[in-house]
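Line by line, the protein sequences give chains C and H.
Quick note: the first sequence uses this note's numbering, first residue 1, plus one each step.
Quick note: the second sequence uses this note's numbering, first residue 1001, plus one each step.
For the record, the hints were derived by calculation from the structure and aren't laboratory data.
Among the clues, some could well be false.
Estimated spans, in silico, between C-beta atoms of each pair [stated by the list, open to error]:
id	chain 1	residue 1	chain 2	residue 2	range
1	H	1108	C	111	38 to 48 Å
2	H	1114	C	135	35 to 45 Å
3	H	1260	C	104	38 to 48 Å
4	C	168	H	1023	51 to 61 Å
5	H	1186	C	111	15 to 25 Å
6	C	76	H	1137	56 to 66 Å
7	C	135	H	1109	42 to 52 Å
8	C	16	H	1109	22 to 32 Å
In this text, all values refer to a predicted model and were calculated from it rather than measured experimentally.
Note that beta-carbon positions come from the ideal geometry of N, C-alpha and C, so glycine has one too.
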Amino acid sequence: MGKIVLKNICKNFGEVKVLENLDLTIEDGTFTVLVGSSGCGKTTLLRIIAGIGPATSGEIYLNDEEISDVAPGRRNIAMVFQNYAIYPNMTVKGNIEFGLKNNHVPKAERERLISEIAESVGLTELLKRKPSALSGGQRQRVALARAMVKKPEVFLMDEPLSNLDAKLRIQMRSELIELHKRLKTTFVYVTHDQVEAMSMADKIVLMEKGVIQQQGSPEEIYRNPSNVFTAQFIGTPAMNILKLPNGCHMGFRPEKALMSETAPYENCAYRTQGQVLTREMLGSETLYKVMVAHVDGSSQPVMVKMTEETIAEDRSVRIAVPEKDLYFFDREEARIRKEEKPGQYEECLRCLREVRT
Amino acid sequence: MTAKQKRKIARIVTGTLNTLFKVFVGFLFLFPFYWMAITSVKPYLETLQFPPTLWPKNFTWSGYQTVFRELNIWMYIKNTIIVTGSVMVIQIFVDVPAAYAFARWKFKGSGILWLLVMAAFMVPGQLTFIAIYFMFADWGILNSLLPQILPSGASAFAIFLLRQNFKQIPEELIESARLDNASEWKIMWRLMIPMSKATVVTTLLFSFIGHWNAYFWPLVMTRDEKLKPITLAIERLKDMERGLDYTVIMAGNIILVLPVVVLFLLFSKKIIQAMAYRGMK
Ligand SMILES: Nc1ncnc2c1ncn2[C@@H]1O[C@H](COP(=O)(O)OP(=O)(O)OP(=O)(O)O)[C@@H](O)[C@H]1O
Ligand SMILES: [Mg+2]
Chain C
1 MGKIVLKNIC
11 KNFGEVKVLE
21 NLDLTIEDGT
31 FTVLVGSSGC
41 GKTTLLRIIA
51 GIGPATSGEI
61 YLNDEEISDV
71 APGRRNIAMV
81 FQNYAIYPNM
91 TVKGNIEFGL
101 KNNHVPKAER
111 ERLISEIAES
121 VGLTELLKRK
131 PSALSGGQRQ
141 RVALARAMVK
151 KPEVFLMDEP
161 LSNLDAKLRI
171 QMRSELIELH
181 KRLKTTFVYV
191 THDQVEAMSM
201 ADKIVLMEKG
211 VIQQQGSPEE
221 IYRNPSNVFT
231 AQFIGTPAMN
241 ILKLPNGCHM
251 GFRPEKALMS
261 ETAPYENCAY
271 RTQGQVLTRE
281 MLGSETLYKV
291 MVAHVDGSSQ
301 PVMVKMTEET
311 IAEDRSVRIA
321 VPEKDLYFFD
331 REEARIRKEE
341 KPGQYEECLR
351 CLREVRT
Chain H
1001 MTAKQKRKIA
1011 RIVTGTLNTL
1021 FKVFVGFLFL
1031 FPFYWMAITS
1041 VKPYLETLQF
1051 PPTLWPKNFT
1061 WSGYQTVFRE
1071 LNIWMYIKNT
1081 IIVTGSVMVI
1091 QIFVDVPAAY
1101 AFARWKFKGS
1111 GILWLLVMAA
1121 FMVPGQLTFI
1131 AIYFMFADWG
1141 ILNSLLPQIL
1151 PSGASAFAIF
1161 LLRQNFKQIP
1171 EELIESARLD
1181 NASEWKIMWR
1191 LMIPMSKATV
1201 VTTLLFSFIG
1211 HWNAYFWPLV
1221 MTRDEKLKPI
1231 TLAIERLKDM
1241 ERGLDYTVIM
1251 AGNIILVLPV
1261 VVLFLLFSKK
1271 IIQAMAYRGM
1281 K
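Isolated chain H, as found in the complex (with noise of 0.2 Å):
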């Protein structure tokens, strides 16, 4: 065999195993999703079947039908939205202004603020949960959406990734600005945002799924049915009188998902830039 052979040979053999552990890998995060879907559209007693069928063998939308029928799912969803919507918009105005502070000026306590900003990213909210609860309830506010919106109104994790990216803008860019006679807040909205996009859509994103998906806090933080979002909803589904019936558990969590996964197609393009190291032009 020559030497040529061989090396077309290793070519084929590393391009192959790379393509089929890039599939495994693939398989691995998708089984679950293409589960969960296949389940929703399965017939009750196709779900209890052993060994369980890989494509449904009968079609029905009674689970979808269920969910929608049996909970006020507008209401949740409208919870959700309200809330996530309210927090994105939130941290947009609290997070930039703070990252392109840490970033770009020299303040008395910089360095300490910018310490505790970090260890706050550190500390669990089931650490403090109780104590903010007892805080809001003192202010009144217990019995609407604020609670759920309040407590992540900044984002530790938002600043920290704006904040490396802020750095990385040349000074001489901002500095012209400034002989441009731009103010911080133009700087910041028609210079660092259209520079950062990448990040800023990233961590709007980040953003969006947590809050969408999230489940503990608003579970501490809400008695009032009214105000509770689609995911304590999804999670009623269980306990419901018929017993645990796949199907509609199933489909309630499509809908939860649903946004989500459409958001993250969508922008993922976007989400691998920002993750990965970019030169500026």
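Next comes chain C alone, as it looks inside the complex (with noise of 0.2 Å):
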């Protein structure tokens, strides 16, 4: 079991006030990650879940139980530090014990427990080495061994890739996967990454500024964002977000766009003219970057990515976008969902349909 609440979280840093009034619940078993740009507060509201950074106000439940007060180290939650603050001074064994030694677990049961975990994320080998003389994966895999030890309720991981190369890191979120799989133990996990928060959470919660933005799976979060933030921030390239004559904006995500140079895309809301200014080669897709002739008249940059790569640089193209893959978003950039505001819906719509004729 490892279900936490967060109820009315506050956190100031002197004058600062970096979480305000914040609310969340992670549900038992999950892997949520809390993802959010740089200084949003990801790494704080770790800490204070862990204990080891209190909150101002605000309370913390584990399991429906109040832990505000509860010492960082009888929490029973488990962390890996962005930097994996290993002990430089122990052996990789030393580092998976010392926990294990303070909460007096016998000798014969840290033995074994030491050579179970060692076993699974294959540091077994290197039990007897000093940090030092370990590479970035494998010191990664001390932190993350001597958390499993513990048999935590919570892990709580701040980045614990960011500092390993592309493959590696790749290899290792499959692992951390897979461990979840096998754990079903509740991690949360810190990253400004999102296409590794798309890859590994059950659960993504967006933050920026200290507040969080929305939170759902990620096919929900792609699929229905709720503000132009979250619309921007997941997704590569970002969703093209451009401003519509009645202040309201529009946005459509660049793999959603049609292009070519001769359809006449008549059954699109939306449809314009433009010109290729570049084109980038991904592999199996290829980024266009199209300046077309917008709704109010002006002329805006938008991205469109393609499977095909059959337009040249220069060309006059057409692009256009369905209804059903058309976001608008109010003067205060939150989402106008036809379901929840009809009116204002249409409205945008029309927009678009007025400048077309």
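Two chains, two frames, some hints: make the complex.
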């Protein structure tokens, strides 16, 4: 069991308010990913859950039991730090064993646990080494093993893969997903990499400036963003956002736009013309930057992602987006959903139509 | 002459100058030791000779024999060992927690306390010894080694050095240990000290040298011969009835400094480490 509930959490560093009235529920057994740009308060939030950087006010519950005043070592929560924080003066074994010793686990039991964990993360051969003689990936495993051996109810991980090279990162990513499947414990994973968030999470919690912007499954966040920030944060390249004459915003994903030199696209809600500025070959896909004539009369660059690369630079093209792939946002950049605010939605659609005729 | 040759000559010249300078400085520091050592094995008459001999013509151990015969040297050495040893042990148990607290804890008045420690660092013992002497007289402990031990129980210098070192240790390591359910005590002994080994050894060594060679403080704190350390005993070699016998005086000094020199040679690498800036791995 490892369900975490945060209620009304505030955190100030002196005058600076980093988190304000934050509420969050992390369900037992989920792989929850906290994602957000640098400095938005992700680490701060993890430290509050771990108990090493207590909140200024608010309550934390673990399995419906308040733990705000419980010492970090007694919360049954383990944390993997961004820089691993392995004890440099102890061997790999010493690192893994330290927490067990402090919890007075008997020697025989300790030995058994250590060899079991070392086996599962592939550290058996390295147990006698000092951390200074390990590679980055190996250190990362030590940090993981140290957290795992305590059999915690919640794993907190602060960008544990950010120091690894791309290849190792992808490998460790799938190992972590596997680990989560095997342990079935609650994972709270921090990253500022949206690809990592999308590929690992059961649930994504998107933060900005200490405020939770949206939470939900990766699919939901991708398909149904509730504001401009979320829409632009998830997905590469970011969603194209264009201003409408009525002050609202329109958005569409680069991979959802249709583009060709000839097709009229008569059934699409948004249609316009433009000129290809640049073309970027990404392997299976090609990314175009296109200057389009926008509904308000201005010219704006948009990104379009296509699987073919038949269109050359400088060519005039037609671009269109069907209604189901269009997103509208109000003046405050909050989403206008058809089922919630049909009036506003229609108004935005009308803006597009008027210009076209 | 080609540019290459010029560079070569320049390199040779600077290299030579560099070496010469090192030899000169080394000579300045080592010569007094050398002089002390050879004088201690010269016969009395040779020590008075002018010009002096740079290598003794006749060896003699009589200086050392006199020291051991005329002084109850083991008693003094025992006193010095007890005082120095106790001071070092007490200092470990006082300075390390103090430095840890100053480095890592924000508590009420920590700023002021730190200023006080630093101020204590700057007040010389010559200013306070009378007051302290009367205090100890009040307590009735003048008849023991305690007056030589207690005032050195905390070393502001060691606290300062250790604090600077502890501050360099990444916060995450300590937080990690807290998550591992380690007590502050454990964090100190199992993490902070092992990671600051060089500094700990250095401060202990300084403390050792300071108390092994202590002269002023025992001089003003002791009346009883039984309580005096070896420094005061060696000092007495000067005013014995036989007059100034440099052989004997230097033999005494050699006995005094030998342990210090040996320890220094053993630990010199650690000292250099502690003084040089080290990045954390
Ligand atoms: N000890 C501190 N004192 C003052 N301000 C702090 C302190 N720690 C963090 N902050 C501020 O709090 C904000 C949130 O910091 P935090 O470390 O949680 O960011 P983050 O989301 O983890 O960023 P990153 O992705 O770069 O790690 C930042 O603006 C930071 O400057
Ligand atoms: Mg962070």
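Hints the structure fails to honour
Result: no hint breaks.
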